[in-house]
Each structure stands twice: as structure tokens, then as C-alpha cells.
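Peer 1: Each chain, letter by letter, is given below.
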Amino acid sequence: MSREEVYTRLNEVFRDVFDRDDITVGDETTAADIDGWDSLIHITLMDAVEEEFDIRFDMKTVVKMKNVGEMVDFIIRGTATRS
Amino acid sequence: MQELQYPFDSRYIIKKKKSIKRQLLEQGSGFIDKRIAVLGGSTTHDIIMILELFLLDQGIRPQFYESEYARYWEDVMFDNPELVEFKPDIIYIHTSNRNIRQYPTLSMSADETEELLKADYDHYLKMWGKIESSYKCPVIQNNFEYPFYRLLGNADATDIHGRVNYINRLNSRFAEYAGKHKDFFIQDINYLSACYGLDKWSDPLYWHMYKYALSMEAIPTLAFSVSNMIKSIYGKNKKALALDLDNTLWGGIVGDDGVDGIEIGPETSMGQVYSEFQEYLKMQKDIGVILNVCSKNEEENAIAGLNHPDGILKPDDFIEIKANWDPKSKNLADMAGELNLLPESFVFVDDNPAEREIVRSQLNVVSPEIGSVEDYIRIIDHSGFFEVTNLSSDDAKRNEMYKENAKRAKLEASFDNYGDYLTSLEMKGTIKPFEPVYMERIAQLSNKSKQFNLTTKRYTRAEIEETAASDEYIDIYGKLQDKFGDNGVVSVVIGHKNGDVLDLDLWIMSCRVLKRDMEFAMMDELVHRAREAGIKIIHGYYYPTAKNKMVKDFYGLMGFELINEDSDGNRTWEFKIKDDYKDKNQYIAVNSDQ
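Residue numbers (the working numbering), protein chains in the order written: chain A, 1 to 83; chain B, 1 to 594.
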């Protein structure tokens, strides 16, 4: 899956979770950039991303993840082995 | 909302919770408001958000108090002012096996494990006792799910040092406590997590990262179950089943295949699975669910099918049998009218998705996606329509009562004069101040009555007991009996004294005794007791809801004068007690056994 494709689907997930149509995220986006992205909604978000891409974040990844770009890296790695 | 009916898509609910909430608030009306304190042994944020959705869908608009992470015990024991101020209507204590402080170690003696158990149990016991004395509100408490690993393997269940064994013992203590305490309910997450699959129920990642005792995906299952308990406590259970026949209660089509051709009974696998379903339905009668038939069939064929020698359900098990070619939505609405129930009190069960959809869209009736015949029981059961919290002896007798009503209707039709009919019923009433044996039923009635209810004020059992004990109130219940049977407690009136004025807080009556003069008998008794207490004026209040229009002019009928009506339709009525008050009831012999 291309980075672009991942972002198209990821933006939909963000819009669903935050219930706002005007959200667009990029590599450098962090929780501080989006209104209402607190530690609690973060849990819902991670769950929704897992579902969308049929992947599972392991704990080491979750703990280290710094921005949306790293999340996308993980998604691409996680889906790469699938045809 | 269909998306919130079992079996639901948890991921969808989690992801869309914000927009679902918006829709529920936009579409719903006539909510009852409840303050719910959630005291958690883990992070409860998402539990609350999802519980809110299920409650809104059940007609309850919650306001929440959430304890700080794992402060469930401290909040109660040290009277957290916020919690005290919040005045919860209900307290939900969500703990899990992560909150068990110490498990037995292998070196412990049997006595030592018992001591440990006692200490763990006492921790909860103290908290429950404190809630009972300080908050006097219903409590829902989780029991414990099994641990996600077993040091002793299978022996973990049998060896006194095993965690599984320990949790079983603790859970049985919890159950024992619940059995002895009113208004205390165990949410059986031990069963829920087993149904769900223990490995999926909790996720160590969620615990260590976020302090969630459940995995995200299991939260809707937990929240749905709590919402069912809460709606049951507040009298919002469904009351009746409307059942299709062909391919729902038996295999095949009785009109085409003939009675001998339908599948029911021990001869075939298909026959057996339908028998098990019929057996399940028959048991619903014991918890007070009314069974009815709603089928597109010739009535003659329907009855013949129900009289199949191997059938478990017989025509006599049903209160209403509507078998004709009218739309099922019409039949269901008629049925509701005849039974004095609201259509939304029904659950419609039909194997045909098109029929389900029509009934759902025409009436505000739930109709579960019941799947294939082998799924019927699980889906109806897990839907929690009839969740039992307070089982009164009335529930077990309810089908009988409806049967008696059918006989009364027949008798009524045989009289030209309604008064003659009432006389022929030989009615006897008992109208007295609240008595201990009836407190449960009185509270239940205050929560269930929707139509004949002037103020729709709801009472818990504890509040009813307080009212009864206080001198500030005049409180009476009415019980009605006739030659066909005992209707039990059917009416309640509560008024509080204000000098020589009595303000009526509550006047309710069960619709099953409409037009029997019981309201007049209650009025007479109220006037007598008020006069004895030195009351000169009675004020009655009517607050309109979507469902209580039938009593809009009730006080007028009782001889009150309308003294005020505001723009919302709230009415205030006044009744001056005169010395020459004449009893209004002519047909019921009241308190004649004394």
C-alpha cells in the first residue's frame, strides 16, 4: 500500500473518531495539533486504526510512537507482507 | 436504534460513538433522567461513553459521576464531597480481577486462604454497607472474571491455592450477599467474559498502557449488559413477545404442509431444535413475559399447528392469538390496545426479515435479527429484553392475570348495563397505608406505570420505605380482587402535608383495572384519611408526558377544580374537602374483611 493510500484511509478514521470532517493529518502531525486529541480519545483512535488496516500495534511501538508519520510507517510495514 | 441491538458491531459503535450519540439525542424524546455514579477499579472513560449510548437507546438520559482511576473504594468510604453532592440514583462499581489485591500462595494452609478470602470480601462488604446507609440507592457490582493464565493448569479450579478456585469462592460470596440485599445487583461478568471469550475479553496491553481492565472491543458488551440492568431497575423491560408461527415456532408452513408435515418434537433434528425454542419461550412465562401469536395464517390452521401433539406451547399458553392476513403491524397495534400495553413493550419475533422491517418501521417495536433457528435462543436471551432485577410474585402470575382479564372481557360483553357487569364481578378492595410486604411492588408500580400516572415521579424501594415511615405524608396503596382472581396492588397515592393542604406527589394505577371504579375507591379513601389528618384542601398535579394523556382530565373527573395551567400543559387542580363528601365508589367493597 502506498503512503498516499494509507493517508486517504487514515484521514477517514480520524474524521470518524473525532466526528469532524475538516481533519487532515500528515507525517508531522502530533496530538498537540488536533483539538480534543487527549489520552482517552487516543485509545479509541488506536483501536479504530487497528481495525481499518487489520493490524495490531504491539506495546513497544505504541510506547515509542512520536507522530502520525511513525504510525503510517508501522501501518505500511504491517500491511506489506500481505498481497 | 438497530445498530445498538444485540448482536451489534462493537467496532462500529466504538468508532462512531460521537455521531451515534448525536443521533440518539436528536431522535429520542420522553427520556427519563438518571444520575449514575461509575466507581471504577480501572479506567472507565470509554465504558461511560458507550453506556450512555445504550441507555439513551433505552429511553434513559444519564448524567455521570466518574471516580478517579481506581478510587472506587476511597470515594465511598471517605465521603468524597463530589460524590455526595452528585446524589447518585444508582451506583455502578466496575471492578475486575485486576483489583484483587492478593491471591493465595502455594505455601498457604486452607485456613490462611480462607482468611485471605475474608479480608478481600470484607473490603467490599464495608463499601456496600456504607453505600446502603449513606446513599440508599440501587447498586450494581461486577463479580470477577477468570484470570488470563493458570499457574496450576486445570487444577487451578480445584486446588485451594488456584486463582480460578479463589475467584469462584469470592464470586459465590458476592452472590450470597446479593441474595440477601434488596437493591443490590451483581453484574455477572464471569459469565459475560466466558460468552465473549476470555482471551479476547481483556488485553494486557490495554491494562499496562491505559489501565483498562477490558479490551476496547469488549466494552460495548459490558456496557450493554449494565444498561439492561439499569433499564430493568427502572421498569423499562419489555413485557411481551409477539411470535410468528411458520418457521419461527416450528419448521415448515402449517397451511401448506398440514399439521402432520410441520417439524416439531423429537422425531427429527429440526423438530428438536424448534422444541428447544418452544421450551425456552414457555419458561418466559415464569418471569412474567406475556406470550402472543402474530402470524399470517388461517386461524384454524394456526390453532391446529399449536395443538400438534409434540408441541410444547399450546393455544392456552398465549394471551392473544392473531392469525389472519392483515399486516402484522396492525395486528400488533391491536394486540397492544387490547392488552392495555404500549406497542413498544413488545418484542416481535419473526424469521422473515421483511416482516421484521415493516413492524420496526411502522411501530416503535424491536425485532431482533434472530438469524437461523439454532440462533434464536441465544439472540433473544443475550438481547436482555426481560433482564430480571426484581422478581415479584406478581411477575410469575402475570399470564394468569391476563387470562382472567380475557374472561372478564367475555363477561362484560354478556351484560347490557356496565354497572350490572361491575356488580357481577363481586369486587373487594383493600386500601391502606403502605405495608412492609408491599413495598417492593409499590416501588415497582411507581416505575412501571406510564399511562395512568399523573406526575411520573419514580420511587426506589428505599424512598417508598422512607415515605411510609414519615408523618409528613399520606400514603395509600390499593389492592383489588374479584371473582376471577386477585389483581394484587394496582394503585398508589402519595401526598405530602403542607399545613392543612395536601399536595399530591403521585397518583398511579395499573391499566389492567381501568374502568373498574378503583380510582373512585382510592379517592374516597384519600379523602377520609386526609380529613382525619386535618387536611382541608387537596392539590393535584398533572405533568404531561408522551404517554399519560389518558389522565389529563382525571382530577376533573374526581371533582377537582382546575386552578392553573401553564404553557407546557402542566396543570394544578384543587379539591376542597366538604363535610358532606359523598363516597363515589359504588361497586367495590373496601376493607370489608376487617
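Don't read these hints as lab results, they were simulated from the structure. Any given hint could be a false lead.
[As the list claims (entries may be wrong)] Just some of the chain B residues that point at chain A, by a computed CB distance under 8 Å: (1) 45; (2) 48; (3) 149; (4) 150; (5) 151; (6) 208; (7) 209; (8) 211; (9) 296; (10) 298.
Here the structure is a predicted model, which means the values were calculated and not measured. We treat Cβ as the ideally placed atom computed from N, Cα and C, and that holds for glycine.
Peer 1: Please go over all the hints and tell whether each is borne out by the structure.
Peer 2: A quick look at each hint next to the structure:
no., hint, verdict
1, 45, "holds (5 Å)"
2, 48, "violated (10 Å)"
3, 149, "violated (17 Å)"
4, 150, "violated (23 Å)"
5, 151, "violated (23 Å)"
6, 208, "holds (7 Å)"
7, 209, "holds (6 Å)"
8, 211, "violated (10 Å)"
9, 296, "violated (41 Å)"
10, 298, "violated (50 Å)"
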